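Student: Produce the complete structure using the sequences and hints provided.
In order, the protein sequences belong to chains A and B.
If you use our numbering, the first sequence corresponds to residues 1 to 304, in order.
If you use our numbering, the second sequence corresponds to residues 305 to 608, in order.
Certain hints may be false.
Said to hold, decoys possible - Residues from chain B that face chain A, not an exhaustive set, calculated with beta carbons under 7 Å: (1) Y517; (2) T519; (3) Y562; (4) M567.
Claimed, not checked - Here are a few chain A residues that sit away from chain B, every Cβ distance over 12 Å (derived from the structure): (5) H30; (6) A33; (7) H53; (8) G69; (9) Q85; (10) R90; (11) S94; (12) N115; (13) A123; (14) D188; (15) L190; (16) H195; (17) K204; (18) K283; (19) R292.
Hints were generated in silico from the structure; no laboratory data involved.
Computed from a prediction, not measured in an experiment: that's the story for all the values here.
C-beta: ideal position from N, C-alpha, C; glycine also.
Below, each chain spelled out in residue letters.
2 protein chains.
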Amino acid sequence: MPELPEQVQIVEVGPRDGLQNEPENVTTAHKLAFIGHLAKAGLTQIEATSFVHPKAVPQLADAMDVISGLPDASDVIFSALVPNQKGLERAIESGVRRIAVFTAASETFTQKNINMTIEESFAVFQPVVESALREGISVRGYVSTAFVCPYEGEIPKEKVRDVSERLLTMGIDEVAISDTIGAAAPNDVLSTVGHVMERIPTEKIALHFHDTYGTALANVYAGLQLGIKTFDASAGGLGGCPYAPGASGNLATEDLIYFLDRMNIRSNVDLNTVVSAADGMAKVLDRSLSSRQWKRLRPASGCQ
Amino acid sequence: MPELPEQVQIVEVGPRDGLQNEPENVTTAHKLAFIGHLAKAGLTQIEATSFVHPKAVPQLADAMDVISGLPDASDVIFSALVPNQKGLERAIESGVRRIAVFTAASETFTQKNINMTIEESFAVFQPVVESALREGISVRGYVSTAFVCPYEGEIPKEKVRDVSERLLTMGIDEVAISDTIGAAAPNDVLSTVGHVMERIPTEKIALHFHDTYGTALANVYAGLQLGIKTFDASAGGLGGCPYAPGASGNLATEDLIYFLDRMNIRSNVDLNTVVSAADGMAKVLDRSLSSRQWKRLRPASGCQ
Numbered sequence: 001m002p003e004l005p006e007q008v009q010i011v012e013v014g015p016r017d018g019l020q021n022e023p024e025n026v027t028t029a030h031k032l033a034f035i036g037h038l039a040k041a042g043l044t045q046i047e048a049t050s051f052v053h054p055k056a057v058p059q060l061a062d063a064m065d066v067i068s069g070l071p072d073a074s075d076v077i078f079s080a081l082v083p084n085q086k087g088l089e090r091a092i093e094s095g096v097r098r099i100a101v102f103t104a105a106s107e108t109f110t111q112k113n114i115n116m117t118i119e120e121s122f123a124v125f126q127p128v129v130e131s132a133l134r135e136g137i138s139v140r141g142y143v144s145t146a147f148v149c150p151y152e153g154e155i156p157k158e159k160v161r162d163v164s165e166r167l168l169t170m171g172i173d174e175v176a177i178s179d180t181i182g183a184a185a186p187n188d189v190l191s192t193v194g195h196v197m198e199r200i201p202t203e204k205i206a207l208h209f210h211d212t213y214g215t216a217l218a219n220v221y222a223g224l225q226l227g228i229k230t231f232d233a234s235a236g237g238l239g240g241c242p243y244a245p246g247a248s249g250n251l252a253t254e255d256l257i258y259f260l261d262r263m264n265i266r267s268n269v270d271l272n273t274v275v276s277a278a279d280g281m282a283k284v285l286d287r288s289l290s291s292r293q294w295k296r297l298r299p300a301s302g303c304q
Numbered sequence: 305m306p307e308l309p310e311q312v313q314i315v316e317v318g319p320r321d322g323l324q325n326e327p328e329n330v331t332t333a334h335k336l337a338f339i340g341h342l343a344k345a346g347l348t349q350i351e352a353t354s355f356v357h358p359k360a361v362p363q364l365a366d367a368m369d370v371i372s373g374l375p376d377a378s379d380v381i382f383s384a385l386v387p388n389q390k391g392l393e394r395a396i397e398s399g400v401r402r403i404a405v406f407t408a409a410s411e412t413f414t415q416k417n418i419n420m421t422i423e424e425s426f427a428v429f430q431p432v433v434e435s436a437l438r439e440g441i442s443v444r445g446y447v448s449t450a451f452v453c454p455y456e457g458e459i460p461k462e463k464v465r466d467v468s469e470r471l472l473t474m475g476i477d478e479v480a481i482s483d484t485i486g487a488a489a490p491n492d493v494l495s496t497v498g499h500v501m502e503r504i505p506t507e508k509i510a511l512h513f514h515d516t517y518g519t520a521l522a523n524v525y526a527g528l529q530l531g532i533k534t535f536d537a538s539a540g541g542l543g544g545c546p547y548a549p550g551a552s553g554n555l556a557t558e559d560l561i562y563f564l565d566r567m568n569i570r571s572n573v574d575l576n577t578v579v580s581a582a583d584g585m586a587k588v589l590d591r592s593l594s595s596r597q598w599k600r601l602r603p604a605s606g607c608q
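Tutor: Here it is as structure tokens:
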């Protein structure tokens with residue numbers, strides 16, 4: 001069996017990927033309490049918000065206020081999603097030190113998501129990346145629908161490899177290979193990520209899994225077997241709900257931590273504190289969470 | 305990477321392990337409809353009921369009626385759990401051709417579960433196994449709490465190995481290594497099952513995982529990497545609810561099939577038919593199921 005990494009970096013996307021898929025009633029104060037709590041848990045990379053147009057994602061219209069209200073935590077890198085030059089201007093103004101741009105491996109998904117071809121999306125964000133780097137802002141890139149696309153079905157691994165390579169050549173320091181609909185299984189991970197690894201260094205690859213069909217931790221395991229050390233997760237399993245209330249979307253941070261703790265792989269993040277942070281947000285959203293660790297702390301009377 | 309098996313045997317435990325943990329309102333007719341539907345899906349090993357004392361498990365008090373009402377399906381092996389000689393007498397009378405006995409790797413769990421030591425439990429069911437074999441009834445053995453015990457914590461792998469070996473020496477043809485509380489992760493599987501494999505042939509090992517913390521499919525993957533080819537699952541993810549309504553317990557058969565299909569590993573079981581069978585039981589129980597494939601077929605209006 002391959003030897004696994006001894007330590008892993010978790011990138012927390014709950015405040016952005018999570019909350020952008022939740023209802024709009026979360027105040028800036030609540031967001032900042034959530035983020036502060038996550039930082040307290042030991043998370044050192046937190047995607048705090050998005051500078052996408054407020055008309056597109058009204059849930060995160062307060063992006064500027066969120067960034068300016070972030071705790072002073074020198075050991076935490078806060079980032080924000082940026083779709084275009086306008087979003088970057090706001091990001092620069094906010095003082096955020098890291099941004100993320102996004103594209104996909106599927107033409108149809110890109111068309112439906114941002115009304116462009118993949119090539120056009122590169123034309124849009126290449127100058128964004130260059131400006132950001134000139135400002136001393138580091139950049140991550142998402143490759144969505146890297147395994148299966150809800151429209152196109154199976155995505156060619158060469159496409160994922162080529163898109164990832166292009167992102168890196170423009171100065172992006174990390175590519176997040178994303179299973180947007182949670183359809184992948186370990187063989188997909190080995191194959192697709194294996195292709196990506198032909199072109200870009202392992203340490204620049206992050207894996208972003210959804211747990212829609214229960215395969216997220218199996219996929220994390222496959223990624224670990226390849227030597228991947230960076231994994232995205234969302235506290236509480238917030239967001240990414242693809243088809244039904246109560247269904248899981250994003251891999252829950254606390255479920256990932258349970259797995260890593262059990263596997264003796266260091267994450268330096270405290271499980272109980274993450275659950276506590278997620279629970280705070282669950283109360284604000286007034287809903288149950290799909291994460292198992294959160295459920296574990298809710299003992300029921302009716303269970304035999 | 306290790307090569308994986310091309311084909312897997314699923315042992316369906318929903319009608320027993322599932323229903324014994326559900327409320328008591330399921331009629332014999334409903335159970336038989338469920339079982340018939342599961343057989344139609346292609347499941348060829350189905351644990352149909354239990355001959356445990358009706359006072360202990362009233363949900364399955366109709367065991368005799370269930371066995372006598374089973375469909376004529378020559379390609380399906382139906383089995384029943386049997387705790388002791390009395391249970392075996394009823395099993396023999398019913399005409400069932402395969403039984404399962406159970407013990408645990410944890411003394412405390414065995415004490416609390418059946419009020420005996422592990423050694424005493426062997427003394428009880430060894431004559432049961434011998435009688436069954438004399439009747440031409442084949443026997444499976446469960447080793448519960450094979451990884452983590454809710455009382456004792458970590459379970460020594462040597463204990464699991466020794467208990468498994470003893471089961472085999474008495475004529476049991478398959479040992480189901482069970483993660484009763486769903487706490488295991490892949491390293492546990494590699495280590496514990498690796499120990500068991502020192503003493504008993506791979507083809508006589510089945511793995512029984514719970515998805516309580518989301519690790520079931522990662523554990524299945526680890527088991528496949530070891531060459532294990534038999535996996536237990538429960539349609540709909542019925543039963544095994546360890547701590548909260550809506551929390552997952554048993555690995556759902558349809559979620560396992562999704563994974564195997566995606567991995568190009570043959571199970572010869574149709575996913576949609578299993579979901580349909582589970583859905584029938586969900587309506588009888590008047591509750592939601594934890595299985596993702598069941599949730600997938602329930603599109604919601606409110607999802608972004």
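Student: Run every hint past the structure and note whether it holds.
Tutor: Hint-by-hint comparison with the structure:
1. Y517: Status holds, d = 5 Å.
2. T519: 6 Å, holds
3. Y562: 5 Å, holds
4. M567: 5 Å, holds
5. H30: The claim holds: A/H30 sits with its nearest Cβ about 19 Å from chain B, beyond 12 Å.
6. A33: 23 Å, holds
7. H53: 16 Å, holds
8. G69: The assertion about A/G69 holds, with a minimum of 25 Å to chain B.
9. Q85: Nearest chain B Cβ is 26 Å from A/Q85, so the label holds.
10. R90: Non-interface label on A/R90 holds, nearest chain B Cβ at 23 Å vs cutoff 12 Å.
11. S94: Label holds. Min Cβ-Cβ 25 Å, cutoff 12 Å.
12. N115: 18 Å, holds
13. A123: Non-interface label on A/A123 holds, nearest chain B Cβ at 28 Å vs cutoff 12 Å.
14. D188: Given a closest Cβ separation of 7 Å, the condition is violated.
15. L190: Non-interface label fails for A/L190: nearest chain B Cβ at 6 Å, not farther than 12 Å.
16. H195: 15 Å, holds
17. K204: 22 Å, holds
18. K283: 17 Å, holds
19. R292: 5 Å, violated
Hints 14, 15 and 19 from the earlier list are contradicted by this structure; the remaining hints agree with it.
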